[in-house]
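Chains as they are written, first to last, in our numbering: chain A, 62 to 206; chain B, 3 to 114.
Think of the hints as simulated: they come from the structure by calculation, not from any bench. Warning: the hint list may mix true and false statements.
Said to hold, decoys possible - Cβ-Cβ distance ranges computed for the label pairs, FRET-style:
id, chain 1, residue 1, chain 2, residue 2, range
1, B, 14, A, 70, 39 to 47 Å
2, A, 188, B, 113, 46 to 54 Å
3, B, 70, A, 78, 43 to 51 Å
4, A, 64, B, 11, 47 to 55 Å
5, B, 70, A, 121, 27 to 35 Å
6, B, 35, A, 78, 19 to 27 Å
Predicted model only: the values in this text are computed from it and were never measured. Where a beta carbon is used, it is the ideal one built from N, C-alpha and C, also for glycine.
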Amino acid sequence: MAVVELEIPARSAYLSLVRLVVDAAIGSLAPGLSPARLDDLKIAVTEACSNAIEAQESNWSEGPVVVRCTIADDEVRVEIIDRGAGFDPDDIETLPAVTDPRRLRHESGMGIVLMRTLADEVSFTPSADGTRVSLVVRRPADPAS
Amino acid sequence: MELRTEVSEVKGWTVVTVHGEIDVATSPTLRERLIDLVNGGATRLVLDLEAVDFLDSTGLGTIVSLLKRVRTHGGDLRLVCTEARIRRLFEITGLEKAVPLHASLDDAISAG
Chain A
62 MAVVELEIPA RSAYLSLVRL VVDAAIGSLA PGLSPARLDD LKIAVTEACS
112 NAIEAQESNW SEGPVVVRCT IADDEVRVEI IDRGAGFDPD DIETLPAVTD
162 PRRLRHESGM GIVLMRTLAD EVSFTPSADG TRVSLVVRRP ADPAS
Chain B
3 MELRTEVSEV KGWTVVTVHG EIDVATSPTL RERLIDLVNG GATRLVLDLE
53 AVDFLDSTGL GTIVSLLKRV RTHGGDLRLV CTEARIRRLF EITGLEKAVP
103 LHASLDDAIS AG
């Protein structure tokens, strides 16, 4: 198992760097993961980091946002840990159906939908100190092993 | 990464070609440029996403905002996008129903 950890200031300008690190770390340490799944994971990680940065900004919280990639034989897990005020993921408003004209009233709220669709497993762990989001993508079995 | 836009006029449509990554960091700039265009009278818009390297939910929100704005002005918005990883985001969120994705600029402009 390999762990790569990155700490970034809670500013959106660092999102591009997060994607570069996730791409490089997972691309080299989990070569079995397809480019499409890696793209999915980078989108999910960006969504989680954007939420983390926003949570810390709105909470006037100092300190970094932590992005930790853990590469195991059967999965890649990326945890995003912030020191924001926390939130209840089940309390997020459900988007109207796509056929509903009211759907276009919603310019935000799509990030959680993308995370839940693009990752194989998503968990949100709020605490008094902040929120930990865990995104998991399963790795196909290595045919060489 | 820098976000860059190019604007051209094609057969009565204003074509905005976007280069780079669209996320929380760059969406405000893109949104501002698009609002300026619509306020300046460009209400028949084609947004060409072929040179976009990355798009997240903030970028999708910017496109929804643009769609509402052009429709308020009696205009229309069409998208050019063939990249599977970006098309997938429109499918997941259902936005492909609201803003059709076209395979080329010619298709977007000639669509009924």
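query = Which of the listed hints are broken here?
reply = 3
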